[in-house]
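Chains A, L and Z supply the protein sequences, listed in that same order.
With the working numbering, letter number 128 in the first sequence gets 130, and the count goes up by one each step, no holes.
With the working numbering, letter number 173 in the second sequence gets 1064, and the count goes up by one each step, no holes.
With the working numbering, letter number 21 in the third sequence gets 23, and the count goes up by one each step, no holes.
Hints listed in this document are in silico derivations from the structure and should not be mistaken for laboratory results.
Please note that the accuracy of each hint is not assured.
Below 20 Å or equal to it, Euclidean Cα-Cα: the simulated EDC-like pairs (lysine to aspartate or glutamate) are [said to hold, decoys possible]:
1. L/K1204 - L/D1128
2. A/K186 - A/E158
3. A/K186 - A/D144
4. Z/K310 - Z/D242
5. A/K161 - A/D133
6. A/K309 - A/E199
7. A/K166 - A/D133
8. Z/K13 - Z/D242
9. Z/K146 - Z/E198
10. L/K1147 - L/E1086
11. Z/K146 - A/E72
12. A/K186 - Z/D90
13. A/K211 - L/E1086
14. A/K41 - A/E67
15. L/K1008 - Z/E263
16. A/K41 - A/E72
17. A/K118 - A/D98
18. A/K118 - A/E325
19. A/K211 - L/D1128
20. A/K118 - Z/E141
21. A/K118 - Z/E150
22. A/K118 - Z/D242
23. A/K309 - A/D144
24. A/K118 - Z/D154
25. A/K190 - A/E158
26. Z/K10 - Z/D242
27. A/K211 - Z/D90
28. L/K1006 - L/D1128
29. A/K154 - A/D144
30. A/K41 - A/E75
31. A/K211 - Z/E263
32. A/K154 - A/E199
33. A/K227 - A/E164
Stretches of chain A that chain Z covers, calculated by requiring three or more beta carbons in the stretch to come under 8 Å of a beta carbon on chain Z [to be verified]:
34. 183-190
35. 254-267
Every residue gets a Cβ at the ideal spot worked out from N, C-alpha and C, and that includes glycine.
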Amino acid sequence: MLRPFKGKVMNIKKRISGVLFVVATLLLSSVSTSALAKKIRIGLAVDQLFESRVAENNAIKVAAEKLGFEVIEVVADGDAQTQNAQIQSLVVQRVDAILVCAVDQNTIERALMRAKRARIPVIAYDRALPDSRTVAAFVGPDSISDGFEAGKYMAEQLKGIEGKVQVLELLGALNDQNGIDRSKGFNKALNALPNVEIISVPTDWDSAKALAATENAFQANPNIKAIFAATDTQIPAIETVLSNLNKAHKVGQDGHIVVTGVNGSNDGYAATVSGFADGIVVMDLTNIGEKSVQLAAALIRGESVGKHNVVPGQFYSHDNIVENKADIWGAN
Amino acid sequence: MKLNNYKFFEQNWSAIAVATLVLCVFLTIASPAFMSFANMQSVLVQASVTAIMAVGMTYIIIGGGIDISIGAILFFISSVFAELFVATGSYPLALGVSLITGVLLGAVNGFLAIKFKVTPLITTLATYTIYRGMAIHLTGAQNIPVPREIGYLGNGSFLGIPVPILLMVLVTILGVYLIQKTRFGLYLRAVGSSEESAHESSLPIMRVTVLAYLIGGLTAALAGLILIARVGGLQSDIGIGLEFTVIAAVILGGTKLSGGSGSILGSVIGAIFLVLIDNGLNMLNASPYVYDTVRGIVLLVAVIVDRLSEVRKSRELIKNSAMKMRGTTS
Amino acid sequence: MGMSSIVKLLKSYPSLPIIAALLVLFSSLSPYFFTAGNAESILLANSVVLIAAVGMTLVFLTGGIDLSIATVISATAVVGGVVMAQTDSVFWGTSAALLAGLLFGLLNGICVGFFGLNPFITTMGTALVARGIAFTLSEGIAVKGTPEVLLDFGFELLWGIPYIMIVGIFIVVICSLAMSKTTWGRQVMLFGSNREAARYCGINTRLIETSVYVLSGLLAGIAGMVSIANLGNALPGVGDTLLLLIIGGVVLGGTHMNGGEGSIMRTVLGVTILATLTSGLNLLGIPFYDQLIVQGVLIFVGYTLAMKLSRT
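Sequences are here, hints too, so could you generate the full structure?
See the structure below:
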């Protein structure tokens, strides 16, 4: 787009500042490129900022600083096109490696191909890119296991109930491998009970959508016995609905609705401590952050690395969550 | 307004009221769960956020403007509230500052649009971007949980009625009063129907317009406080796209974008109508993705029907006056 | 070049000073800004916006607005994607996407041009319909199965310019010519500056008004296909976030919202401003939220400035 009217722009520039500007630009650019060339720089392409992502990014930055790496962070705010342009701009800056958490796993490949063409190794962190032919490695949570653990505990609580048991699953998003895998693991665990019917609603990780979905689900099926939240940040929204319906009974009380989730935010922690939720699976974000930087360092050195690296989370119930507070990244 | 010459069907909110009644009857027949006290309450609570904002938006539209930024104002206010509450722990302080901020942001919209004579659409599109950016800057794009105990505006109830419903009713009553019984309401309608003649009769255009946008900001602030209390915290995508739902409610309620007149009550019913559609689609087990399409079609049908009846009315008017003229000549 | 020719240039392209300022600023602040690689990246990222902005300009010139253009991009991309996944044919995919765009445009055009409905509300309604269709058809997930030919098309360059931007340039040229050289173009301008006069001149004003919305829908269809070539798959929300950039580009270029004043070349410059801004701020490491603030301020100030310059 710059091409067709470059001539006109130049005309005006000549009148205003002339050659001086060009000289200054050349000088500046040569100075800054040589200064930047020494340090190893890692591009961090982030999908969106929210609690767990920020915690994860901080872990990455700490690990990078230990190795003396510089981190260039770009955030796409949930827009796939923005992210592609941002990855392009990291390629233009010739970073030494790119850590990417994709907004959309189906539309990121083209941008990553351009990184590959520029011989920049790419590591997917947090969100796996199963169809990608360009990603050198993945580091992230073991979402199948995380979903399974949350489901297993729920299944144990529901074991004694006779007749049909309805369970509400607030799914993450269908275009996100973590959402898909958590759902997979959760469903596998609940299949242990033959009388369970799972009502599954995608929420796109959005609490307002989770709120509406829970409201609507209870209106259509008032006898729901348990709720699984793919992210525990939705538990407060669930609590709002259940309180309005007078169903917000604590663990151990009559009529308690079993609530479990995955993540490890303060929302999930507080709800589990209070007994509204039965327990949450907490992701090990520090470990994920450290591992992704180590992998980047290995790839920059030209070593080969394991392709699929997952870190399983840990389940904490109402009974043991307080004593393990230090291991829960979001608890405060 | 005396009861005997109060003609229901001549009100500009009558169409949406009839449509809402028809929809209710249909839903009652279609699903036994619909006509329960709990469900009605839940419908009204769900409608409260849109309805309250729609009242503010009606003022802006009556004054001949439009505000695309109210979703961003809602988000900004929620951010200010969450940050302040977490920082100070004082509920009244956070509440007061949030509401004042809402007033300021709305006033800025009105001021910019009038002072620089920039189309309100562009002005508020620009401020939409600015407010959103400022809000995310403020919070660092983090989600901030808000403790449930302080969520009184969203979850509490007074005399057995949920607070959001009470607030919606209160805002509606105030809104109707302000537009019908005060000099401000009169001026606003005059400015909206023709800025030129308002200028000629030396009305305080600036003050009136800024006040309308200010009310828009205030209602967005109130709606934001209800919303985060209900959701349980601040999320960075709160308020996105809400402006279009709100404008849709206002238009369905019988207010015209041309300005000069409108119906506060209609906008509120419009907001309830939109929730009822969602409610009905949910009972039919429709995919949530269809909701947008249905809303769009309803909106288009509503404006087409409205336009057709307008055309018919004007034709009748011409016919009547022609007959009268013939009557006088014979 | 004399003083008067500068004034004339500024009058027809009021956004030139902003572009010059941005180029100087970013070139001096980032060593990566004025490079071929970055130019390619800017061109790649802005083809969709440019094509849609041309459509929006046509609508603005008649004094209307097309709020649906963004979600129609999404809907046509999904329609094209679904058809390509079934037939593995770029031809049928493109035909389907263009047809879908045409139908949405026709819906807007008939409502506004023939029924005399308010363009803001009409296109807002259509926007909702299109968004719903995009998400329902795709079930909210990117539609996979794009033929290799289209993927290659999205990846390759011609003389350093990405093919998808050549599509954009082609559309700019065609539409500019149509505006300046054809009777239709002159009628659109006349209609935009004075409806009554246009009617008295015997112009079929309903048809003229309808035609710009139809074109806008059609261009959205092309933009939808280009988005697939660029991203690799059809994303159901691909256009939704672009509305701000599209309208921002048009008004920054100096096309008036009330019609009658503006041009497609102005829009090209307006889109360039926003594209340059985003690229430069990204290279400087400015966080996205601060970029939003800068963008908003620039749109407001730039529009006010453009109005002033093009009037004097």
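Given coverage of the stretch 254-267 of chain A by chain Z, checked by CB-CB distance under 8 Å (3 or more): Since 0 is below three, the answer is violated.
Hint consistency between A/K211 and Z/D90 [alpha-carbon to alpha-carbon, up to 20 Å]: Outside the cut-off at roughly 35 Å; violated.
Hinted pair A/K118 and Z/E141, Cα distance within 20 Å: The given pair, whose Cα atoms are some 31 Å apart, is violated under the 20 Å limit.
Distance restraint between A/K186 and A/E158, which requires alpha-carbon spacing of 20 Å or less: Since the Cα atoms of A/K186 and A/E158 sit roughly 18 Å apart, the hinted pair holds (cutoff 20 Å).
Straight-line alpha-carbon gap A/K41 to A/E75, limit 20 Å: Holds - the C-alpha atoms of A/E75 and A/K41 are around 16 Å apart, at most 20 Å.
20 Å Cα cutoff - pair A/K211, L/D1128: 11 Å, holds
Satisfaction of hint between Z/E263 and L/K1008, Cα-Cα up to 20 Å: 17 Å, holds
Given hint Z/E150 paired with A/K118 - CA-CA distance at most 20 Å: Judged against 20 Å, a Cα distance of about 18 Å means the pair holds.
Straight-line alpha-carbon gap L/K1006 to L/D1128, limit 20 Å: Between L/K1006 and L/D1128 the Cα gap is close to 31 Å, so the pair fails against 20 Å, i.e. violated.
Agreement of Z/K10 and Z/D242 with the hint, judged by alpha carbon distance not exceeding 20 Å: Given pair Z/K10, Z/D242 is violated - Cα atoms ~37 Å apart, limit 20 Å.
Pairwise hint evaluation, A/E199 against A/K154, where the allowed Cα distance is 20 Å at most: Holds: A/K154 and A/E199 sit about 15 Å apart, inside 20 Å.
Proposed proximity, Z/D242 with Z/K310 (alpha carbon, max 20 Å): 31 Å, violated
This entry does not satisfy hints 1, 4, 5, 6, 7, 8, 9, 11, 12, 13, 18, 20, 22, 26, 27, 28, 31, 34, 35, going by the numbered hints stated previously.
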